[in-house]
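**Student:** The residues making up each chain are set out below.
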Amino acid sequence: ETGVTQSPTHLIKTRGQQVTLRCSSQSGHNTVSWYQQALGQGPQFIFQYYREEENGRGNFPPRFSGLQFPNYSSELNVNALELDDSALYLCASSSQLARADTQYFGPGTRLTVL
Amino acid sequence: GDSVTQMEGPVTLSEEAFLTINCTYTATGYPSLFWYVQYPGEGLQLLLKATKADDKGSNKGFEATYRKETTSFHLEKGSVQVSDSAVYFCALVNDYKLSFGAGTTVTVRA
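First to last, the sequence lines map onto chains E and P. Using the numbering used here, the first residue of the first sequence is number 1, and each one after it goes up by one. Using the numbering used here, the first residue of the second sequence is number 1, and each one after it goes up by one.
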């Protein structure tokens, strides 16, 4: 069974640029959630996708957007990057809507905005 | 809204010492509760979970009991090892999202 994978591992961008992060969910999982973890803090929920539709969203501006594909993999897109977007971005997958189910995390993508 | 409050760190212990990390939560309804662990440079790994009141989650010698009356989910381990050095996050899931505490850094010295 393949776990959650993310790419790239590290990324360096400059302010104002756009970035796309990718996530492959664990085999058999149809729900993907994205989290932002700033240095020294707990992860913050960005949004969740279920069956290719956004299912819920945290307190993040519209320049954070996402997609889920028929194979349940997902992308996180961030436009007009700001310095505060520097963080570890974590993807998590689960087998159903996450009310009671467990989310399994990938290793994350470290984004640095200069 | 939902929130999780964890005992502040860092915590430094000697090998074979007893570890407790306090966690309390505020939530509507009946959330499931989790402890995740993050080793240096890695993502989050599920350590244990509990889905209803009085449930005890356990894994790798760690335990936590879902206490609805005190809205707590404290993590304990009776004898820590150097390999337990990591950041520990308490979390709850309600509706569709996980809400995390700020994390507690634990360092175990040989």
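If you are wondering where the hints come from, they were derived from the structure by calculation, not from laboratory data. This one's a predicted model, so the numbers in the text were calculated from it and none came from an experiment. One or more of the hints may lead you astray.
Label-pair restraints from in silico Cβ distances [claimed, not checked]: (1) S65(E) with S3(P): 34 to 42 Å; (2) H10(E) with S83(P): 19 to 27 Å; (3) G16(E) with A110(P): 45 to 53 Å; (4) Q45(P) with D84(E): 25 to 33 Å.
Here are some chain P residues the structure puts well away from chain E; computed CB gaps all over 10 Å [as the list claims (entries may be wrong)]: (5) E16; (6) Q45; (7) K56; (8) K97.
Note that the Cβ used here is the ideal one computed from N, Cα and C, for glycine as well.
**Student:** Check the structure against each numbered hint from earlier and tell me which ones fail, lowest number first.
**Tutor:** Hints 1, 6 and 8 contradicted; others consistent.
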